[in-house]
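*Asks:* We have chain H; now place chain A onto it with these hints.
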Amino acid sequence: MRELSLHVLDIVQNSIAAGARTVDVTVSEDEASDLLTIEVVDDGAGIPPDILESVLDPFYTSRTTRKVGLGLPLFREAARTAGGDLIIESWPGRGTKVRATFRMSHIDRAPLGDMAETVAVLVVCNPDVRFRYRHTRGARAFFFDSEEFKQALGDIPPTAPALAGVVKNLIREGLDPVQRA
Amino acid sequence: MKTVEELERIRKQAQAMTRLREGKETTRIVVGMGTCGIAAGARETLSAIMDELAKRNIQDVVVTQTGCVGLCEQEPIVDVIKPGAAKVTYGKVTKEKARQIVASHIVNGQVVGEWVIASA
Chain H
0 MRELSLHVLD IVQNSIAAGA RTVDVTVSED EASDLLTIEV VDDGAGIPPD ILESVLDPFY
60 TSRTTRKVGL GLPLFREAAR TAGGDLIIES WPGRGTKVRA TFRMSHIDRA PLGDMAETVA
120 VLVVCNPDVR FRYRHTRGAR AFFFDSEEFK QALGDIPPTA PALAGVVKNL IREGLDPVQR
180 A
Chain A
0 MKTVEELERI RKQAQAMTRL REGKETTRIV VGMGTCGIAA GARETLSAIM DELAKRNIQD
60 VVVTQTGCVG LCEQEPIVDV IKPGAAKVTY GKVTKEKARQ IVASHIVNGQ VVGEWVIASA
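In order, the protein sequences belong to chains H and A.
Numbering of the first sequence is given in numbering that gives the first Met the number 0, commencing with residue 0 and proceeding in unit increments.
Numbering of the second sequence is given in numbering that gives the first Met the number 0, commencing with residue 0 and proceeding in unit increments.
In case anyone wonders, no lab produced these hints; they're calculated from the structure.
There's no promise every hint is true.
Claimed, not checked - What follows is a set of in silico ranges between Cβ atoms, one per label pair, in the way DEER data are often shown:
id, chain 1, residue 1, chain 2, residue 2, range
1, A, K11, H, Y59, 14 to 22 Å
2, A, K11, H, P126, 14 to 22 Å
3, A, E4, H, D107, 36 to 44 Å
4, A, A117, H, E30, 47 to 55 Å
5, H, K96, A, Q109, 34 to 42 Å
6, H, D144, A, R10, 17 to 25 Å
7, H, R171, A, K54, 14 to 22 Å
8, A, P82, H, V177, 42 to 50 Å
9, A, E5, H, E30, 14 to 22 Å
10, H, P57, A, D59, 36 to 44 Å
11, H, T25, A, T2, 17 to 25 Å
12, H, G137, A, E24, 44 to 52 Å
13, A, S103, H, E30, 44 to 52 Å
14, A, I80, H, I50, 51 to 59 Å
In this text the structure is predicted, and so the values were computed from the model without any measurement.
Even glycine gets a Cβ: it sits at the ideal position worked out from N, Cα and C.
Extracted from the complex, chain H is given alone in its bound form:
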């Protein structure tokens, strides 16, 4: 994956497959400690303890159509390459939390990439799931809640293709002052 935001899109697919109703994505950039943290927390089915040990193994998958599952292992690799790590915690019946850390200044850290497009695609393709996206950089913060957005829609169907562009612009405009150095 070229961008960390693509990993986020991929990891959230696991949450959706686990039947999550709400997915919280948090990105925090902390220059003081040179740490970038990405967290995906869902309220999906959760992972039983005996299986949790295997999810970071590329040759484990819950699918029966193929024998590999690369999403989490690739994300962990991206974190470890950049001097960080990935931890996953899960509570069966309550949800799962994936947390990846990166040394911000590490030469091998992939760029964060287009988080706006990742969130826009998720919101418009999954109208039944609530997505909350929080992005902080030092003391500055941006917050997007797909539920608040949908309330503003009135009678516009939440799957209207034009909404992807609207969400993307909304997030780009909101992130700009947060990310500006």
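*Replies:* Structure of chain A alone, referenced to chain H:
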């Protein structure tokens, strides 16, 4: 605020289209969003499809996502399912190809034969 105006414009378009499509079935476009699809560029493909549909003010199409179907080497994979027609599966759909599929298949009803990898 720009977004509010944008929503108002989309609302008007949506209302007009809802009247037009009453009783009409919706076309579905499904994009593969497994790890393989995403790594191959499915996010940009899906985004291009949404953008092209929006530009052409097409409202009676729903775009959804699916997981890996085991044809990872063909990703990004896009299915077009028109009501009453067989499902058409396109492979290696770049964002440029995606825009052409919207123009040709969705708007003009012409399947882009050379990019089709399966039809059922």
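*Asks:* Could you check the structure against the hints above and give me the numbers of any it violates, in ascending order?
*Replies:* 1, 5, 9, 14
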